[in-house]
Amino acid sequence: MVLCLGAVCLVCSALLAGVNALTEAPIKEAAEKALKESIGAVLPQGGELSEERGVSVGDQNYVYYECTLAEGSTCYAVKSTVQGFGGPLTLMVGVLSDLSINNTSVLSHSETPGLGAKCATDEGFMNQWKGFNGVLKVRKDGGDVDAITASTITSRAYTLAVEQAVAAVKAVQAQNEQTKEETNE
Amino acid sequence: MSKLSLISRGILKENPTFVLVLGMCPTLATTTSAINGMEMGLATMFVLILSNIVISLLAPVVPDKVHIPVYIVVIATFVTLLQLVMQAYTPAVYQTLGLFIPLIVVNCIVLGRAEAFANKHGVLESALDGIGIGLGFTLSLTVIGMVRELLGSLSIFGWKIIPGDGILAFVLAPGAFIVLGYLMVLFNKLTKKN
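Protein sequences appear in the order of chains D and E. Sequential numbering of the first sequence, starting at 1, is according to this note's numbering. Sequential numbering of the second sequence, starting at 1001, is according to this note's numbering.
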């Protein structure tokens, strides 16, 4: 009895270990590809991308990528995570040097399928972020963001994530100014 | 029993959703749209076929006292395999279904078929039973998803049929119960006549 259960468990774990070893690399690759694609989607084309860097605002830490454009200005892709309706909502937000939004893209979410999950598929909602330069609040709260029908909580969370990304870019810009001044001295 | 009737039985006479009323948790949770329901059905079918095959092979040598733990280990292994493979090669599907894949382990259809069928029958019959029940589950979930998607967001498989917003309640949990209930009545009415 024990022998049989033990043998079955042994075979199963061996099988899983094998498949895990086989799929580890593709899973990592897929995740990296998704990240690269999201950065490409939120930033203007043709810039030179920096390494992954970190910045903290308050007690929140953000991962961001700096991108120097051909005409000399700098833009940023910031990874921003907030609490959505069904769990964490992680966005990649592209911010230009004048702090306006270039575009946004959803990295991962666990919003309700058919409702909040539309934040990653609904064209009307997604397209409004292209070149968005208004008040970062949903219309219900007196801002310029069109919420997804019946998903105000998700829309608010999404807006908050974008707002946080802008705050992070502000912190990065202040930091860069400071180091510039220090080197001048 | 003929091979064909093994398959058709899973779709009609012993339809897991509308007749046996098994696996209600994934049925209610994933059918917000036709495509979600279908993907969940196919994932379950994959696990069901493989676990039925392996369990029909294992059943003669597994002592009675430990048969449930052994079946669960086998089922959990296949589910984890499926999860890893999906994550590696179809990340987009994994993104939408990721939450529900681990739930297949505790889907009573899979363990139910292992207990009620696979451990008493041969490999071929068990595989066919898995295909039949799996198809029945997939079709039921797709139909429920289609009805909910049509009423809730006025589209089918993501194609907008009528412009507008639809009746929101059908995308939410109450709509799942209502649609499931009416479809169950309809299904039983139609199949009983024949």
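Quick caveat, the hints were computed from the structure, so don't treat them as lab data. As the structure is a prediction and not an experimental result, all values here were calculated from the model. Fair warning: there could be bad hints in the mix.
To be verified - Derived lysine to aspartate or glutamate pairs resembling DMTMM-like cross-links, with alpha carbons at most 20 Å apart: (1) E:1160 with D:144; (2) D:140 with E:1125; (3) E:1160 with D:48.
Unchecked claim - Among chain E residues calculated to face chain D with C-beta under 7 Å, some are: (4) 1008; (5) 1062; (6) 1066.
From the three backbone atoms N, C-alpha and C, an ideal C-beta is built for every residue, glycine too.
request  = Against the structure, test the hints numbered earlier, and report the numbers of the ones violated in rising order.
outcome  = 1, 2, 3 and 4
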